[in-house]
Amino acid sequence: MIKSITRRVVLAAAVAGLAAPALAQGADRGPVKLGAVLSLSGPAAVFGIPERDAIQAVLKQMHSTTPDGRRIDLVLVDDKSNPTEAARAVSQVINNDQVVAIIGPSTGSGILAAGPIAQRLKVPLLGPAGTLAITDPKNEFYPWVFRVAPSDIVDIRVILRDMAKSKTKKVGIFYQEDAYGKTGVDEAKIFGPTIGLNVVDTVSAPYTATDLTAQATKLRNAGVEAVFLQVSISALGSSFLKAARQVGLDVPIYANAGLAQRSFAENTGPEAEGLRVLSIGNIPFDPVGGEVELAKMLQAEGKVPQGWGELVGTNALMAAVAAIDAQKGKEITGESMRDTLETLCNFKAYARGKACFAKDKHDGWGEDALVITELRNKQLKTLD
Amino acid sequence: MSFPGQRYLGPRPNTLIIAVCVLVALPVVLTRPVWTDSAVVLGVYALLGLSVGISYGQAGILTMSQGAFAAIGGYAAAILTTRFGWPPYADLLVAMALPAALAYGVARLVTRLSPLATALATLALGSVIEILIRNADALTGGYIGLAGIPSVGAINTPAGYACLAWGMIVVTVFLYENLMCSAYGRALNVLRVDQARARADGIDVPALMSAGFAVSAAVAGAAGWLYAHYISFLSPESLDTHISISALLMAVIGGAGYILGPIVGTLLFDGLTRLMPAAELQGFFYGAALIIILLAARTGILGLLAGLARRLRRPDATPAPRAANLSPQESLP
Amino acid sequence: MLAIAEYVVRGALSGAIYALLAVPMSLMFVTVRTIDFAVGAYALIAAAVCWSVGGALGLAAGLGAAMACAAFMAIIFLALKRLGCEDHIIYALASFGLATALASLVLWWWGTQAFVRDAFSDPWSVGGIRLAPQGVINFALILLLVGALHLLIQHTSLGRMMRAAAANQTGAALASIPVQGIQVGTYLAGGLLGGLAGLLVLYSAGLDFTAPLGLTLSGFGAAIIFGIGSPLRGFFGGLAMGIAQALAAGYASAMVAGMVPFLFVLLVLTTSRFGEEALAGGRP
Chain S
1 MIKSITRRVV LAAAVAGLAA PALAQGADRG PVKLGAVLSL SGPAAVFGIP
51 ERDAIQAVLK QMHSTTPDGR RIDLVLVDDK SNPTEAARAV SQVINNDQVV
101 AIIGPSTGSG ILAAGPIAQR LKVPLLGPAG TLAITDPKNE FYPWVFRVAP
151 SDIVDIRVIL RDMAKSKTKK VGIFYQEDAY GKTGVDEAKI FGPTIGLNVV
201 DTVSAPYTAT DLTAQATKLR NAGVEAVFLQ VSISALGSSF LKAARQVGLD
251 VPIYANAGLA QRSFAENTGP EAEGLRVLSI GNIPFDPVGG EVELAKMLQA
301 EGKVPQGWGE LVGTNALMAA VAAIDAQKGK EITGESMRDT LETLCNFKAY
351 ARGKACFAKD KHDGWGEDAL VITELRNKQL KTLD
Chain Z
1 MSFPGQRYLG PRPNTLIIAV CVLVALPVVL TRPVWTDSAV VLGVYALLGL
51 SVGISYGQAG ILTMSQGAFA AIGGYAAAIL TTRFGWPPYA DLLVAMALPA
101 ALAYGVARLV TRLSPLATAL ATLALGSVIE ILIRNADALT GGYIGLAGIP
151 SVGAINTPAG YACLAWGMIV VTVFLYENLM CSAYGRALNV LRVDQARARA
201 DGIDVPALMS AGFAVSAAVA GAAGWLYAHY ISFLSPESLD THISISALLM
251 AVIGGAGYIL GPIVGTLLFD GLTRLMPAAE LQGFFYGAAL IIILLAARTG
301 ILGLLAGLAR RLRRPDATPA PRAANLSPQE SLP
Chain L
1 MLAIAEYVVR GALSGAIYAL LAVPMSLMFV TVRTIDFAVG AYALIAAAVC
51 WSVGGALGLA AGLGAAMACA AFMAIIFLAL KRLGCEDHII YALASFGLAT
101 ALASLVLWWW GTQAFVRDAF SDPWSVGGIR LAPQGVINFA LILLLVGALH
151 LLIQHTSLGR MMRAAAANQT GAALASIPVQ GIQVGTYLAG GLLGGLAGLL
201 VLYSAGLDFT APLGLTLSGF GAAIIFGIGS PLRGFFGGLA MGIAQALAAG
251 YASAMVAGMV PFLFVLLVLT TSRFGEEALA GGRP
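Residue numbers (the UniProt record's numbering), protein chains in the order written: chain S, 1 to 384; chain Z, 1 to 333; chain L, 1 to 284.
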């Protein structure tokens, strides 16, 4: 008798699981499935690969179990740095694997393309991108997207304020021709003048440019007193620095967080000395607090910390973990994850700064996650 | 053996095949949400592949701008519905007419070039369109793109879009096959193989090739329209040069000269790349698969199958005679 | 005036790299009538290997790796031919597959980092324009190489055979010219020149795993501007493209600067008279 009831319950649970995938992780203590849709190939792989490495390292360290003892299964898919693939991957991990939350997609456009799907299938996205539009309250899918990195606007303001301290007035900007570069330039042109920085000239280049001396010459001829680099392709960054030295553009240079990469710092010559680079934490060269812990986990996996991709990737993971443990004993679904994420504040993560989400605040991290570093002897040193 | 509609579909084997396949496969596909989603995206890719088939397989224009034409169609749909509140489907006309007009104009300039030079010209054209889209911030949302594109009327589920997408494909194949059975289609075949002969036959070669390219661009525009409404977000990266190149690859792999070749190529290649381990080595497997398929079937999968079928029928037959609308794209000196 | 001169000089120096990439393109187009999309990937492989090995040995290893990849492409080409494929488009698509595979291997083995090295630190000043020594060396080297190639093609028996094979394959084969050997040689030359371009970029601006397609297309663009028939024309095409880009970067908006190379290509292809014959003999 008991046996047959059990069997019937199991059968009913199985049927329920088929009928409503999101409910599959019932009140039992089965594993919770998390999706990770990250750019593992294509231009955004620069950040997607470290994101993946760190997420895997942390999960391994945790034995794939939350502090509260809930098992986590990670489903990893490559979005190929492409919005269409990102949308497909998100649909795949929700429909096929019944995940209750997704880390990624890695790029802003990937998140914007996947947002409507997340909304329709009721699973939150934890986006590691700075693109402002992903958490625009005007989006219909706003409730379903959470940002786990400081937004581009926050980044720009912090680095420009540092620049303003040096009494610079005339600023030139070099940016890469993509969404990251263009938003940075637009925001700098708006925010700069409010703190006494006038953007007198801007130059740009596509990813594949092999020579930037013409761009550097133009900034030199415009008589800029400082240059701001809104670039995330490290080849473009080092190429511009070389070009600047070559054409005699000897002014202080500031770079946004896109260039806070180990390979950039280690691959530049003497011309990069003194470059100011904004960064989210500083695991590769100057880790503190949680970053030390994360760096150790990465090293245990044979990975070398690359920049801040590791931090934003684990931010997303830790937010999901905190949300899972906050729902102790309850049934976890995409909707319950979303509702819980909106109440999270001050949970454990490896990035510095205080992280809080709220109903009208889907940007979890702010200025206090950022540091300003200076490039000295092929290392990015954190300034006070 | 007879069936309803035989009078119209009998001489249209490709339409019949695709219609039956879609009718049989769709109910199965719709049982799994993830298959349904893939069916829509693959439908978009298959339409793009078909557009390459029309342009390269029939008119002989090796095109690398189909992604850009689709982008024009997609942006037209997005802008008309979000900014100007156009009713659903009305924007489809513009989404097809705009790229067609552009393609017609451009084709008049490039038709006298060799296929590889045409490829380069269309690639350059696609890049120029991409740059214009990126820089027209006010209209296209610039680099960030446009979000919140409404769905097509009553169709707002993936299942609905899957039916719409494959319905569009069946219609396209039907029109495509009709075109190829018409005098225009026969003329296209003549000029692709021998332009001098076509001229001698009194065919206005540039006009006909341009018309073929325009039709192909219209199909690409329709694919873009479908993409924009389904994904509901469009950015310059959504339908870029990579899409153009992969549409071309899929058409060639399936057999660009065969009406159904691009569809076969799309389904097969996408399935194959999905089965392979992804991440950093994704491109490696993609490239290796491409080379192997080209080595195994240089006239496309359908070309390989047709060759096998011929050999089975007549074991001693040497390279087969080329049937008018089934002949694969052979070398152009 | 000096400002314009400066942009022109800088453009010419950077255009030299395009010129170098244009040479294998035009050789390939003339002898095999196809594009080797993998030339940019040879450049990337050469740069990556050289970067890892370092020193003079690195230069040799880089070139060797590029040549090995080109040899692999030649094998694919031969296999396709052996299987009866005479379609140049298929050769081009196969090389595209190889390019994708090579770039992916670099991403897998070396990661996303940029490859860049420095040979000189202080710029030279020429007529008030500060130039990087590496750029000047690149330019001189490429000029020398293209000149030598031009002489080889115009004034040696090997060159005569190449031209014969290019003009009429069947005729050349009848005259017992090893057409297939020349075509394979052309693929290998693509590896050598592409690899060399990669090394020069490694020591000047640097590159990463996303570079190959862009390099190939720049090279092809440069090759066709003044007609694809000879490496000398490709050289000047490269210079013209570099100068146009530099001037656009200096005086036009980002949008226009980005479009310049493509508009250039479109304009040349759609208007030039020499297009018909020089561009692979027009249509049949």
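Hints were generated in silico from the structure; no laboratory data involved. A few of these clues could be false.
Claimed, not checked - Calculated from the model, a selection of chain Z residues having no Cβ within reach of chain L, i.e. all distances over 10 Å:
id	residue
1	Leu102
2	Ser151
3	Phe284
What the hints assert, rightly or not - Here are the simulated SDA-like pairs of lysine to any residue, each with C-alpha atoms no more than 20 Å apart in a straight line:
id	chain 1	residue 1	chain 2	residue 2
4	S	Lys378	L	Phe120
5	S	Lys378	L	Arg117
6	S	Lys189	Z	Ala138
7	S	Lys303	S	Val288
8	S	Lys189	L	Trp110
9	S	Lys378	L	Met255
For glycine and all other residues, C-beta sits at the position ideal for the given N, C-alpha and C.
Hints, verified against the model:
| no. | hint | verdict |
| --- | --- | --- |
| 1 | Leu102 | 13 Å, holds |
| 2 | Ser151 | 33 Å, holds |
| 3 | Phe284 | 4 Å, violated |
| 4 | Lys378(S) - Phe120(L) | 17 Å, holds |
| 5 | Lys378(S) - Arg117(L) | 13 Å, holds |
| 6 | Lys189(S) - Ala138(Z) | 17 Å, holds |
| 7 | Lys303(S) - Val288(S) | 18 Å, holds |
| 8 | Lys189(S) - Trp110(L) | 37 Å, violated |
| 9 | Lys378(S) - Met255(L) | 34 Å, violated |
When the structure is compared with the earlier hints, violations turn up for hints 3, 8, 9 and for no others.
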